[in-house]
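2 protein chains.
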Amino acid sequence: MAGKLPVSPLAPARFPDLPAIAGLELASVAAGVKYQGRDDVMLARLCPGSAVAGVFTRSATRSAPVLDCQEKLGGETSAGAAILVNSGNSNAFTGGAGRASVEAICKAVAGACDLPEARVFTASTGVIGERLPDDRITAKIGDLVAGLSPLAIEQSARAICTTDTFAKGASTVIETAEGPVTIMGFAKGSGMIAPDMATMLVYIFTDATISQDTLQAVLSAGVDSTFNAITVDSDTSTSDSLMVAATQQGPAVDSAVFAEALNTVMLDLAHQVVRDGEGATKFVEVQVTGADSDADAKRVAMSIANSPLVKTAIAGEDPNWGRIVMAVGKSGAKADRDLLSIRFGEALVAENGWASPQYSEEIGAAHMKGDEITIKVDMGIGNGAFTAWTCDLTHGYISINADYRS
Amino acid sequence: MAGKLPVSPLAPARFPDLPAIAGLELASVAAGVKYQGRDDVMLARLCPGSAVAGVFTRSATRSAPVLDCQEKLGGETSAGAAILVNSGNSNAFTGGAGRASVEAICKAVAGACDLPEARVFTASTGVIGERLPDDRITAKIGDLVAGLSPLAIEQSARAICTTDTFAKGASTVIETAEGPVTIMGFAKGSGMIAPDMATMLVYIFTDATISQDTLQAVLSAGVDSTFNAITVDSDTSTSDSLMVAATQQGPAVDSAVFAEALNTVMLDLAHQVVRDGEGATKFVEVQVTGADSDADAKRVAMSIANSPLVKTAIAGEDPNWGRIVMAVGKSGAKADRDLLSIRFGEALVAENGWASPQYSEEIGAAHMKGDEITIKVDMGIGNGAFTAWTCDLTHGYISINADYRS
Numbered sequence: 005m006a007g008k009l010p011v012s013p014l015a016p017a018r019f020p021d022l023p024a025i026a027g028l029e030l031a032s033v034a035a036g037v038k039y040q041g042r043d044d045v046m047l048a049r050l051c052p053g054s055a056v057a058g059v060f061t062r063s064a065t066r067s068a069p070v071l072d073c074q075e076k077l078g079g080e081t082s083a084g085a086a087i088l089v090n091s092g093n094s095n096a097f098t099g100g101a102g103r104a105s106v107e108a109i110c111k112a113v114a115g116a117c118d119l120p121e122a123r124v125f126t127a128s129t130g131v132i133g134e135r136l137p138d139d140r141i142t143a144k145i146g147d148l149v150a151g152l153s154p155l156a157i158e159q160s161a162r163a164i165c166t167t168d169t170f171a172k173g174a175s176t177v178i179e180t181a182e183g184p185v186t187i188m189g190f191a192k193g194s195g196m197i198a199p200d201m202a203t204m205l206v207y208i209f210t211d212a213t214i215s216q217d218t219l220q221a222v223l224s225a226g227v228d229s230t231f232n233a234i235t236v237d238s239d240t241s242t243s244d245s246l247m248v249a250a251t252q253q254g255p256a257v258d259s260a261v262f263a264e265a266l267n268t269v270m271l272d273l274a275h276q277v278v279r280d281g282e283g284a285t286k287f288v289e290v291q292v293t294g295a296d297s298d299a300d301a302k303r304v305a306m307s308i309a310n311s312p313l314v315k316t317a318i319a320g321e322d323p324n325w326g327r328i329v330m331a332v333g334k335s336g337a338k339a340d341r342d343l344l345s346i347r348f349g350e351a352l353v354a355e356n357g358w359a360s361p362q363y364s365e366e367i368g369a370a371h372m373k374g375d376e377i378t379i380k381v382d383m384g385i386g387n388g389a390f391t392a393w394t395c396d397l398t399h400g401y402i403s404i405n406a407d408y409r410s
Numbered sequence: 005m006a007g008k009l010p011v012s013p014l015a016p017a018r019f020p021d022l023p024a025i026a027g028l029e030l031a032s033v034a035a036g037v038k039y040q041g042r043d044d045v046m047l048a049r050l051c052p053g054s055a056v057a058g059v060f061t062r063s064a065t066r067s068a069p070v071l072d073c074q075e076k077l078g079g080e081t082s083a084g085a086a087i088l089v090n091s092g093n094s095n096a097f098t099g100g101a102g103r104a105s106v107e108a109i110c111k112a113v114a115g116a117c118d119l120p121e122a123r124v125f126t127a128s129t130g131v132i133g134e135r136l137p138d139d140r141i142t143a144k145i146g147d148l149v150a151g152l153s154p155l156a157i158e159q160s161a162r163a164i165c166t167t168d169t170f171a172k173g174a175s176t177v178i179e180t181a182e183g184p185v186t187i188m189g190f191a192k193g194s195g196m197i198a199p200d201m202a203t204m205l206v207y208i209f210t211d212a213t214i215s216q217d218t219l220q221a222v223l224s225a226g227v228d229s230t231f232n233a234i235t236v237d238s239d240t241s242t243s244d245s246l247m248v249a250a251t252q253q254g255p256a257v258d259s260a261v262f263a264e265a266l267n268t269v270m271l272d273l274a275h276q277v278v279r280d281g282e283g284a285t286k287f288v289e290v291q292v293t294g295a296d297s298d299a300d301a302k303r304v305a306m307s308i309a310n311s312p313l314v315k316t317a318i319a320g321e322d323p324n325w326g327r328i329v330m331a332v333g334k335s336g337a338k339a340d341r342d343l344l345s346i347r348f349g350e351a352l353v354a355e356n357g358w359a360s361p362q363y364s365e366e367i368g369a370a371h372m373k374g375d376e377i378t379i380k381v382d383m384g385i386g387n388g389a390f391t392a393w394t395c396d397l398t399h400g401y402i403s404i405n406a407d408y409r410s
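Line order of the protein sequences matches chains A and B.
Per my numbering, the first sequence starts with residue 5, numbered consecutively.
Per my numbering, the second sequence starts with residue 5, numbered consecutively.
Please keep in mind that the hints were generated in silico from the structure rather than gathered at the bench.
Any given hint could turn out to be false.
Since the list can't tell identical chains apart, any single copy or any two copies may satisfy a pair.
As the list claims (entries may be wrong) - Calculated cross-link-like contacts (lysine to any residue; reagent style SDA-like; alpha-carbon spacing at most 20 Å):
no.	residue 1	residue 2
1	LYS373	ASP407
2	LYS111	PHE170
3	LYS373	SER403
4	LYS380	LEU352
5	LYS76	PRO52
6	LYS76	GLU107
These numbers were taken from a predicted model, which means no experiment stands behind them.
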């Protein structure tokens, strides 16, 4: 499946040049978990003292690797850490065998990297409900360790892809009095879901000197306005994982400054996931302001961003603002029809409970022709605000998920 | 738009023979609200004493007719009542002009039928945000009243259709010691939504002698397991309206017996709406049992029934039960992976946190070939149960909502 799909028209021109992170080595290998002829396992080794933080899917049917990672978060950092990720099989809904596979992989990585098993984290992405052939992975641990390099970034980003049409990377640098702090990361995901596969996986690395507790707090605080603000199709994976590791090899940095820089990288990667949304031809930003609360603003933004009716209208370049009214109305958020205003980009579309006198269908149609669509909704009630990002819903989505058989 | 779409493959062979209801007369007319060359307004006149009950969309941006109907419910019954419905324009998000249009129509109908305006109910279905040309409707009230007949049922059912590919009708008879009580109704809807149009409208009539308060109570109790248990695409209309009128011309009937019969008609019509879901090729029943509560069971059933991933898998005849696990997990309901079981029809697919040993892909694939799909999920936790109905998500849905421009 992977590789057969045309590259998203919203993809960046190429994978970015990403900087090495002191204390981080990466490797990838072809283990043949499911795919043939491509790398499908990546290993990240982190130096002693590295802090590791993570956030994971809230699904009640989360995968074995997710459950294992959640148990291990917050552990002793002195020995270092490792992260191993495979594509092709999600090891989700695999009963006791799933847990055993995670343990086998962690044991093998711990042995080869001289780490406690409690500091080996794993993730798996691919088909749900099939036993993970962990022996194919453990057989390649030696090759992975031998191949570790600070520069093997792009190949690692590619190894964890499933139906992604492009690998996703981003980085930033914070200048401090003691020198630069670098943040670099990569992600996979083509929506929350993909043909017979699932999952968004994100790995971000930094050389910052920052405590594990602070790293976790900064990550947890940043995820709501970045990865939790995107949707392709409202379906939530059993395996979504976002991990951030700090090797402590660079300067210390103010946590607020670090948080801002980390959020920049997270938002960049989150947007790239939307740009690779299955069948996407339009990148859509939904800005909601003036709601009764931030929570209400998120309800409205996600109701619009998840509405099949809104998303098909955008696919058809139809400035169908009545569908936005519908999505506001069904959201469950406090709303007053006559205080609501809607804009496409800067153009005022509707206000005072009706179409704006200055709006014409031509204005809306012109905005819809672009491949970056902005929908602004002001509820006119309070100060709650939230911005969400999504893509359109096209024949491509149906083709990927219905026409191709597993 | 209407009439151009091929009839749903899940449509009944023909519109049923529906019985006349003593005390009810119907008429339809071509008013040219938007469509040309077809009837687009229907009028129902109910004899003095008729009880009228209704349930309406909970949307925060409900249409002017919905707001007007909600204000009028529960009023004095002695004079009789009337219901006027137009297709082609929903009179939603039309500001103060929307309210004025409703008042103009109600006043005209009240005058022509010698009724207080408080007993004239209206509904509108079609494009959102355009002024309703109410003068085209009021100009036809005389023709409508002149054409009233107990037999004009099918033509009225057709007049309120928008992108429906077939008109939907159902009836039942309750035998009582004092003679039969008849319940008859019709519906329009092709999902909650349609191209540039919205709405499910349902009108059910009975000759039963039943108080307005009891009729409202029975209707409100029955809607959760019937019309509120269906979904085509998770989008909720600004105009959904379900009204039941009892002319009091037949016998009294035990309210529990009446409720059961009414629910039968409502469920039949609700299923027909799903069968006319935009682009539908499969009718899907999702039975959830063993949940912590009925509310949790509904969360799980609707999470499955609304999942684009599940619905595209069904469209592709792919027995992709991993996507059902995903939908259970994201529902927010209490779940234990290892207690969950999943069946396609009678075939056990997954249990004990993994695929069942007796399941094979061939078994699932065989079930998926049919045009009636049953998904059974037992949560294994409690006694909560809920059944939902939906259809698959196909290229037809995208074509209807994205390819055709308004």
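Okay, the hints, checked on the actual structure:
| no. | hint | in the structure |
| --- | --- | --- |
| 1 | LYS373 to ASP407 | between (28 Å within a copy, 14 Å between copies) |
| 2 | LYS111 to PHE170 | neither (32 Å within a copy, 62 Å between copies) |
| 3 | LYS373 to SER403 | between (23 Å within a copy, 18 Å between copies) |
| 4 | LYS380 to LEU352 | within (9 Å within a copy, 47 Å between copies) |
| 5 | LYS76 to PRO52 | within (16 Å within a copy, 73 Å between copies) |
| 6 | LYS76 to GLU107 | within (12 Å within a copy, 65 Å between copies) |
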